[in-house]
Amino acid sequence: MLEYIISKYNFWVYIILLLIGLYAMLGKKNLVKKLIGMNIFQSAVILFYVSIGVKKGGATVPIFMGDAHAAHGHGQAIIDVASYINPLPHVLMLTAIVVSIATTGVALAVLILIFRRYKTLELDEIIKIRKDTGV
Amino acid sequence: MIWQLDIILCIFVVICAIAAITVKDLLAAVIILGAYSFFMCILWTEMGAVDVAFTEASVGAGVGTVLFIAAVNKTKRRSKD
Amino acid sequence: MKVIAILIIVLTGGLLIYGVEEMPDWGDPNSPASSHVSPKYIQEALEKTATPNMVTAVLGDYRGYDTMGETAVIFTAGIGCILMLRKKRKGEGD
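Chains as they are written, first to last, in the working numbering: chain G, 1 to 135; chain A, 1001 to 1081; chain E, 2001 to 2094.
In case anyone wonders, no lab produced these hints; they're calculated from the structure.
Each hint should be verified, as a subset may be incorrect.
[Said to hold, decoys possible] Think about it this way: if two alpha-carbon atoms lie no more than 20 Å apart in a straight line, the pair counts; the simulated DMTMM-like pairs of lysine to aspartate or glutamate are:
hint : chain 1 : residue 1 : chain 2 : residue 2
1    : A       : 1024      : G       : 122
2    : E       : 2002      : G       : 125
3    : A       : 1024      : G       : 125
4    : A       : 1080      : G       : 122
5    : A       : 1080      : G       : 3
6    : A       : 1074      : G       : 132
7    : G       : 56        : E       : 2025
8    : A       : 1074      : G       : 125
9    : G       : 34        : G       : 125
10   : G       : 8         : E       : 2028
11   : A       : 1024      : G       : 124
12   : A       : 1076      : G       : 122
13   : A       : 1076      : G       : 124
14   : G       : 29        : A       : 1081
15   : G       : 128       : A       : 1046
Let the hints inform the model, and build the full structure from the sequences given.
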């Protein structure tokens, strides 16, 4: 049982972070807190993707070691697959990080608009104002 | 891969995430979120994803924290929960 | 509201923990993610693109259109922020 927990520990950390983010998005009433929860949620998913690309047993970062020009000149370089970490999840997550910061920027702009109109950021107060004014 | 460092970093990341959603001062919460991003960045460097790590350090922790601070500066700093 | 949130979280957490059983171990070199497509990229990236860094080779050469679409996304987000936050001129509606 303990061995099972240790052999998959990256999944436990990502589940804990994802649930923290989900709780902040659902349970907190302040809108900035909801956005912070969304950020935590996104980085939890990115952690999941990066951690399934890891290889144990002497694998290093996915950058070619040695003389790159000489190896390219000979045309046929012998590259051992087991000595480099899987680069594909890293590529996809680079895109995901940049897109996540773009969504955060748009969300913060909407937040400022909400504050200009209702003068508050608490969700229950906004709902109460909308009910009172009949909008 | 150093597993002691890995466990310490994972504990710090979880503590930072919990603190960021519990603190009532929004500016403090945003700064703790920046610290969370940097811990995440160290965790990814340790997992071998160097490109992801420096993109997160510049974009996620830098630009993201600046955007959040600007938004909190234009709105209220206090939060009820 | 808090009770519903905690209920949903317990449900989601249970489902995720149930699903972890099927996943490969941490750092397994023969996991499905590292055994189908990625060996081809690792072996051919240097020869085909002359870039030592495999991540940038895939990002800029194999997936160049993807990166171009990403810049379009950021451009759209910036335009949206400018349009939402600009000061309204007199005579312009709300």
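A quick look at each hint next to the structure:
Simply put, residue 1024 (chain A) and residue 122 (chain G) have alpha-carbon atoms about 13 Å apart, close enough for the 20 Å limit, and the pair holds. Between residue 2002 (chain E) and residue 125 (chain G) the CA atoms are separated by roughly 16 Å; this keeps the pair inside 20 Å, and the hint holds. For a cut-off of 20 Å, the pair hint linking residue 1024 (chain A) to residue 125 (chain G) stands: about 17 Å separates their Cα positions. Using a Cα cut-off of 20 Å, the hinted pair residue 1080 (chain A) and residue 122 (chain G) holds, with the two alpha carbons roughly 8 Å apart.
Annotation: proposed proximity of residue 1080 (chain A) to residue 3 (chain G) is violated, straight-line Cα distance about 43 Å (limit 20 Å). For the given pair, residue 1074 (chain A) sits about 26 Å from residue 132 (chain G) by alpha-carbon distance, which is inconsistent with the 20 Å threshold. For the proposed pair residue 56 (chain G) and residue 2025 (chain E), the alpha carbon gap of about 10 Å is at most 20 Å, so the pair holds. The straight-line distance between the Cα atoms of residue 1074 (chain A) and residue 125 (chain G) is roughly 19 Å, inside the 20 Å bound, and the hint therefore holds.
For the hint linking residue 34 (chain G) to residue 125 (chain G), the alpha-carbon distance of about 15 Å falls within 20 Å, and the restraint holds. The hinted pair formed by residue 8 (chain G) and residue 2028 (chain E) meets the criterion: a straight-line CA distance of about 10 Å does not exceed 20 Å. With a C-alpha separation of about 17 Å, the suggested pair residue 1024 (chain A) and residue 124 (chain G) falls inside the 20 Å cut-off, and the hint holds. With a C-alpha separation of about 10 Å, the suggested pair residue 1076 (chain A) and residue 122 (chain G) falls inside the 20 Å cut-off, and the hint holds.
With a C-alpha separation of about 16 Å, the suggested pairing of residue 1076 (chain A) with residue 124 (chain G) holds against the 20 Å cut-off. For the hint pairing residue 29 (chain G) with residue 1081 (chain A), the CA-to-CA distance comes to about 7 Å; that is within 20 Å, so the pair holds. A distance of roughly 48 Å separates the Cα atoms of residue 128 (chain G) and residue 1046 (chain A); the hinted pair therefore is violated under the 20 Å criterion.
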